[in-house]
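> Sequence lines, in order, name chains A and B.
Under my numbering, the first residue of the first sequence is numbered 65, with each subsequent residue one higher.
Under my numbering, the first residue of the second sequence is numbered 5, with each subsequent residue one higher.
Where hints are given, some of them may not hold.
[Stated by the list, open to error] In silico lysine to aspartate or glutamate, EDC-like type, Cα no more than 20 Å apart, as pairs:
hint	chain 1	residue 1	chain 2	residue 2
1	A	K168	B	D43
2	A	K122	B	D49
3	B	K39	A	D169
4	B	K39	A	E132
5	A	K107	A	E200
6	A	K111	A	D95
7	A	K122	B	D43
8	A	K111	A	E200
9	A	K96	A	E179
10	A	K73	B	D43
11	A	K96	B	E62
12	B	K39	A	E175
13	A	K96	B	D48
14	A	K73	B	D52
15	A	K96	A	E113
Please keep in mind that the hints were generated in silico from the structure rather than gathered at the bench.
Since this is a predicted model, take the numbers as computed values, not measurements.
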Amino acid sequence: MAAVSQGFKTDLLGAIPSLRAFAVSLTQNADKADDLVQETLVKAWDKHESFQPGTNLKAWLFTILRNEFYSQMRKRGREVQDSDGIMTARLAVHPAQHGQLDLKDFRGALEQLPEDQREAIILIGASGFSYEEAAEICGCAVGTIKSRVSRARTRLQEILKISGEDEYGPDAISTQVTGSPAS
Amino acid sequence: MKDMTKDIMAGAASKRRDGSGDALGPNSEIGRKLKQYYDELVSDDVPDRFSQLLSQLEQAEPALKKD
Numbered sequence: 065m066a067a068v069s070q071g072f073k074t075d076l077l078g079a080i081p082s083l084r085a086f087a088v089s090l091t092q093n094a095d096k097a098d099d100l101v102q103e104t105l106v107k108a109w110d111k112h113e114s115f116q117p118g119t120n121l122k123a124w125l126f127t128i129l130r131n132e133f134y135s136q137m138r139k140r141g142r143e144v145q146d147s148d149g150i151m152t153a154r155l156a157v158h159p160a161q162h163g164q165l166d167l168k169d170f171r172g173a174l175e176q177l178p179e180d181q182r183e184a185i186i187l188i189g190a191s192g193f194s195y196e197e198a199a200e201i202c203g204c205a206v207g208t209i210k211s212r213v214s215r216a217r218t219r220l221q222e223i224l225k226i227s228g229e230d231e232y233g234p235d236a237i238s239t240q241v242t243g244s245p246a247s
Numbered sequence: 005m006k007d008m009t010k011d012i013m014a015g016a017a018s019k020r021r022d023g024s025g026d027a028l029g030p031n032s033e034i035g036r037k038l039k040q041y042y043d044e045l046v047s048d049d050v051p052d053r054f055s056q057l058l059s060q061l062e063q064a065e066p067a068l069k070k071d
């Protein structure tokens, strides 16, 4: 077995913040997330030879982490999702005021999504992966990712009582970020 | 100046999201919260256990290639 290069180790270290963020998004639990990241690093180290230099290391690591997550869930008989689901269902989410959603409310809403939808919307909307990369990570078709993202977005809107995105559109918020629409 | 900022942001958003358009873009409340939620997680301090783990794995290697 070829030795692991210093470069690979450095790249692994650099990927840890993203891996932890993805792991928390999947598990909704900081301790379980860090255990998952640890497993991922050990697996990545063991099978470093199967990584092709020049390809997307982050996508490769996310794939390992995701596979590990689902294999653990199967072993545990999905107790993770079930217990969390019951807890979060009781969380009252208040309608957004003045177009400003509370991050805590958003987190609560995200927890209520089925994990396939949650991972899809995280990969596309937050981790910066393309639909093609996300499909590869999740081992499904691009169209499946698209429909999961779409369903996740609709579900989040329902939970957060956002009737449509129009009221939070360019006039309300993005003008602060992108400058006025007319400019 | 405003135009430039807008173009850069729009370019970055469309490149990153690969044609998902505005569905989760900066004009979307959900898109912005999603980024906020995730960026907060990414910026969390990494516990020492991970660098220690990699050092342990490294020491277990018979011969580490120095490159």
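> Taking the hints in turn, state whether each one holds.
Hint by hint, here is what the structure shows:
1. This hinted pair checks out: K168 (chain A) and D43 (chain B) have alpha carbons roughly 14 Å apart, not beyond 20 Å.
2. Annotation: proposed proximity of K122 (chain A) to D49 (chain B) holds, straight-line Cα distance about 19 Å (limit 20 Å).
3. About 14 Å separates the Cα atoms of K39 (chain B) and D169 (chain A), which keeps this hinted pair within 20 Å; it holds.
4. In summary, the hint linking K39 (chain B) to E132 (chain A) is not supported, as the alpha carbons are separated by about 24 Å, beyond the 20 Å threshold.
5. A threshold of 20 Å between alpha carbons decides the hint, and for K107 (chain A) with E200 (chain A) the separation of about 18 Å falls inside it, so the pair holds.
6. Note on K111 (chain A) and D95 (chain A): the hinted pairing is violated, with a Cα-Cα distance of about 25 Å set against a maximum of 20 Å.
7. With a C-alpha separation of about 16 Å, the suggested pairing of K122 (chain A) with D43 (chain B) holds against the 20 Å cut-off.
8. Straight-line distance between C-alpha atoms of K111 (chain A) and E200 (chain A) comes to about 18 Å, which keeps the hinted pair within the 20 Å bound.
9. Restraint check: the Cα-Cα separation between K96 (chain A) and E179 (chain A) comes to about 15 Å, which is no more than 20 Å; the hinted pair holds.
10. Of the supplied pair hints, the one linking K73 (chain A) and D43 (chain B) is violated, its CA atoms being roughly 23 Å apart against a limit of 20 Å.
11. With a C-alpha separation of about 24 Å, the suggested pairing of K96 (chain A) with E62 (chain B) is violated against the 20 Å cut-off.
12. Taking the CA atoms of K39 (chain B) and E175 (chain A), the gap is about 15 Å. The hint holds against a cut of 20 Å.
13. Pair hint K96 (chain A) plus D48 (chain B) holds up; C-alpha atoms about 16 Å apart against a cutoff of 20 Å.
14. A distance of roughly 15 Å separates the Cα atoms of K73 (chain A) and D52 (chain B); the hinted pair therefore holds under the 20 Å criterion.
15. Between the alpha carbons of K96 (chain A) and E113 (chain A) the distance comes to roughly 27 Å, so the proposed pair goes past 20 Å and is violated.
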